[in-house]
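**Q** Given next are the chains, with one letter for each unit.
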Amino acid sequence: MTLTYWSWLKNVQKVADIWNASHPNVQVETVWIPSGNRGGYSKLYAALAAGGGPDLAQVEMRTVPEFMLVNGLVDLSRYGARDYANRYDPALWSQVSFSGGVYGIPQDSGPMATFYRPDVLAKVGASAPATWEEWAAVGQELRSVDAYIDCFSLADTSYFVSFAAQAGARWLRPAEDGWVINMTDDSTLKVARFFDRAIDDGIVTTAYGPFTPGWYAAASSGEFASLTSGSWADALVQSVSGGAGKWRVAPMPIWDSTGYGSSYLGGSTAAVLANSKHPREALEFAVWMTSTQAGIDAEIANSGIGWSPVPGMIGAAREKPSDFSGGKTTTRTSSCQRVSRRTWTGLGGPSPRSPSTF
Amino acid sequence: MDWSWWPVTTQSFNILSDGFRRKASGTSFVDTVVAAEQQIMTAFRNKGLTIRKEQA
Amino acid sequence: MSTAAETAHPAVPRREGRDRARQQRRAVTSAPWILLAPFLALFALTFIFPIIAAVGSSFTKVTRSGLFGETGVHSGFAGFENYARALGDGSFVASIGRVLLFGMVQVPVMIALCTVLALLLESASAKWPGFFRAAYFMPYGVPGVIATILWSFLYVPGLSPLVDAAGSVGLTVNFLGPDTVLWSIANIVTWSYTGYNMLIVIAQLKAIPSEVYEAARVDGAGPFRVAWTIQLPLIRPALVLTTVFSIIGTLQLFAEAQVLQTVAPAVNSQYTPNLSAYTTAFAYNDYNVAAAQAVLIALAAFILSFTFLRFTNRKSS
Amino acid sequence: MTAATPTLSQPQNIAEKPPVTRRRRPDSTTILVTGLLVVAALYFLVPVYWVVVAATKTSGDLFATNGFLFAPHFVLWDNLANVLAYGDGIFVRWFLNSILYAGVGAVAATYFAAAGGYALAKYNFRGNSFIFGLILGGVLVPGTATALPLFLFFSQLGIANTYWSVLLPSLVSPFGLFLCRVYAQATVDPALLEAARIDGAGELRIFHSVGLRVLTPALVTVFLFQLVGIWNNYFLPLVMLSDSKLFPITVGLNNWLSQADRLPEFYQLTTGGVLLSVIPLAIAMIVLQRFWRGGLTEGAVK
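Residue numbers (our numbering), protein chains in the order written: chain A, 1 to 358; chain B, 1001 to 1056; chain C, 2001 to 2317; chain D, 3001 to 3302.
No lab work stands behind these hints, which were simulated from the structure alone. You may find that some hints are simply not true.
[Said to hold, decoys possible] Derived Cβ-Cβ restraints for the label pairs, each shown as a range:
no., chain 1, residue 1, chain 2, residue 2, range
1, A, A244, D, F3068, 26 to 36 angstroms
2, D, G3158, B, Q1038, 54 to 64 angstroms
3, D, T3030, C, V2218, 56 to 66 angstroms
4, D, L3036, C, V2105, 16 to 26 angstroms
5, A, N182, C, V2105, 52 to 62 angstroms
6, C, A2044, D, G3158, 15 to 25 angstroms
7, C, S2168, A, A137, 29 to 39 angstroms
[Said to hold, decoys possible] DSBU-like, lysine-lysine: derived pairs with alpha carbons at most 35 angstroms apart:
no., chain 1, residue 1, chain 2, residue 2
8, B, K1053, A, K246
9, A, K10, D, K3245
10, C, K2061, A, K277
11, A, K14, A, K190
12, B, K1023, A, K123
[To be verified] Sample of chain C residues at the chain A side, in silico, Cβ under 8 angstroms:
no., residue
13, L2171
14, E2211
15, A2283
No experiment lies behind these values; they were computed from the predicted model shown. Positions of the beta carbon are idealized from the N, C-alpha and C atoms, including for glycine.
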């Protein structure tokens, strides 16, 4: 029996091959699709509408509810998904469980951090900004040496959403009688005013978003002092030509009194699609890939996934320091999640207030 | 207090980014967020889902 | 298979003659249908049925109950609600306005350019016309997607030598800005189709009998007068046809906008009507509204080209 | 975007126009005209020149060095080897798919259009003008407007995401039929048909012998138009196909480009792939262009 798994992670077939070696009767064949909103989801929706589609697919956490709307996902709790719940970070697990069912297995998450270049910041005698106010002040000074503190993507709204969530916003919540919306609370408006002013003062450029050709060219010529993005961005920052050894990582700036120490950007799940004929086996593969040491190490080595969804297991490769950014990446990224002053229960649904963050 | 996603995220993101794109022609982010809230509620209702504004 | 095979009748020759004539008449009446059958079958399958299905789908809507529609999904008659929603969607209406503006500028520019190039190539003083004709025609073979990928690398700051060159001269040019990206797309379309349209004009020019040129030379007409009084009027049918198809082409713009979306933040996910219908169907899963949009696009194309053809025929007759 | 199409010039039966005799023109106009032609040639050839240069560079050099100048590090052959080897030769498969779709599609579409056009031109029967009006509608309505409904229709039939889902719509060329009808009306002499009928030939045999032979110049034009039309087709395969083994070259290359912002080595694969697809296209266009022009003027001169 073969399972098909659609994903945009780099050579994820190598991860599947490890499973295939030890499971002769359940072979997994991966197919590459473009990343989610760049065409990947369109392919999945089209395949579902055509009555076909793969057994397993990479679906970002923010898109799980959309697939549920076209009942494209299998409720995995019927196949015993709950027994694995304790392996995963409760905040991430709550993001895949809706109205009593479990609709995906967390694969990775994107706790945010600030990647910065000390040499560029040194031009104005600054270090990684701890608060957004400081970020704006340093940004202002950097303009005098013809550098930017960061860029702001007009096309990709997920950055703005993460900053608003960090400030304590909660745009939508499910209630018994339907959805309740509140996008005009004061934390969202504070973030909106902040970036309005940042753009009006010319602190950030909106010509292009992160990881676009224009951004790579500007970053390689030292025009950017920092980039606040998900932890998965470390692989992309490494591909900035001429950037080896110059990038460091620090906790992302925080909003003054309210809000959280960090936020999330991206984060995927492995979900079983509605037309799959082998949901039970698909669930077993998904759990193996995302919560066993072998699976996680393979994912990190081959596919550069984001942060591991399993608290105690951040993956062997990430325990030793990475030489790219002067040996400090891993230790700082994990520490920055614990710095959050208020209990960060993550971009998740209602979940018990756990003492340790995650 | 925590965050939860909703069944119309892609369309909501596009509504917001269309609003952000009008920044150059004078629409501030604050106006965009306020207008987006209404458009997202319409998007919910177009899908046949029920939605209401949070009472303060 | 030949249907009019001779039927060997043992009957008397006269009756046989009458049989053969009746059979031939039946063959003549049935032949057109047999010849048309394959085309009509495929035309129905790939054009008529889908249009009917689209119209049908554009009049149905889906209502859901519960947080995710888990407690009930049913579709019913929607009347014109989907059309109202399509036309009420600001981005879709903006995309139609955008492509009409695009067409009003890009089509005349391309037609003028291809006519000038054709006249230049056909003029006696053109050197190596074969090479130039091949060079201008070559982009027609490059698919719109690949042409856009090529040009996107020439538009992106940091990668593009054009931007560097302009920068060195102190001119900061932004090909992908909110008000310039539409004309960057126009440039890609012009690059692709000018050579092809030029060939049509050249073919028409070649059909002008040489006696006409002799008469003009006798009257002492210079090259410009020849072009204006003789050549342009005679190639009008080709220009009309090219314009009609350019109009239809403009309404179908899709690949250029979708590919540039990744590098130009100014291009949103509903930049052209087709891109808007594609996004509505495959990102928002609103198949019914997307069907209404597809029908509106088809209608717009039909009306625009039909009025243009009617307008040019009336003007010329 | 469907391209504009060849002319409907009514063939005048005069000898091929003798080339205008080249009298010694004053040099200034020649220089001016040729100068303008060179500038236009630059405009058309610059993107192709850029991709040739870009394909010789490493990803790093692509961003660092000037796009029109060669980088010191010349890696064209490794890049092209990577393009051909990536995903165990998926690029070659995309290229063959495009040839299959365009080749088979164009031949069949031309044959059906010829048969239909001949039938509409040479026989008057009830429904003739109705069918012609329907086909005129098919010409004026853009193909991509029917791509979305076609996808939903094919999904119900269960043939979405197959070779057929892209091939079937390519077998239909309303404009091809329109052109064949106009051309058949003007050039197929009814007397020839009557003579053949008297000799006892069946209607179909008449079409396949006399009809096709006379229509050949128009068929060339319809074939080339449909060939390039299918080759440039992107919206239909994008909507129909999700299995990357069935992709034509257009969807495949855009597939690679969309990976580039997460995996920069795909810039190299995309530029190499574009180069490998543009060069054969350019050669084909140069050959077809002479042949194409022949088709037109021959038709015009008959």
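**Q** Each hint: holds or not?
**A** Evaluation of the provided hints:
1. A:A244 x D:F3068: 26 to 36 angstroms: holds (28 angstroms)
2. D:G3158 x B:Q1038: 54 to 64 angstroms: The hint (54 to 64 angstroms, Cβ to Cβ) is violated, given that G3158 of chain D and Q1038 of chain B are roughly 41 angstroms apart.
3. D:T3030 x C:V2218: 56 to 66 angstroms: With a Cβ separation near 23 angstroms, T3030 of chain D and V2218 of chain C fall outside 56 to 66 angstroms, so the hint is violated.
4. D:L3036 x C:V2105: 16 to 26 angstroms: Given about 22 angstroms between the Cβ atoms, the range holds.
5. A:N182 x C:V2105: 52 to 62 angstroms: violated (44 angstroms)
6. C:A2044 x D:G3158: 15 to 25 angstroms: holds (19 angstroms)
7. C:S2168 x A:A137: 29 to 39 angstroms: For A137 of chain A against S2168 of chain C, whose Cβ atoms are near 34 angstroms apart, the range 29 to 39 angstroms holds.
8. B:K1053 x A:K246: violated (47 angstroms)
9. A:K10 x D:K3245: With Cα atoms ~18 angstroms apart, K10 of chain A and K3245 of chain D stay inside 35 angstroms; holds.
10. C:K2061 x A:K277: Answer holds: K2061 of chain C to K277 of chain A is near 30 angstroms, not above 35 angstroms.
11. A:K14 x A:K190: Not OK: K14 of chain A and K190 of chain A at ~45 angstroms, beyond 35 angstroms, violated.
12. B:K1023 x A:K123: holds (30 angstroms)
13. L2171: Given a least distance of 16 angstroms, the restraint on L2171 of chain C is violated.
14. E2211: Nearest chain A Cβ about 58 angstroms off; hint violated.
15. A2283: Since chain A brings a Cβ to about 6 angstroms from A2283 of chain C, closer than 8 angstroms, the hint holds.
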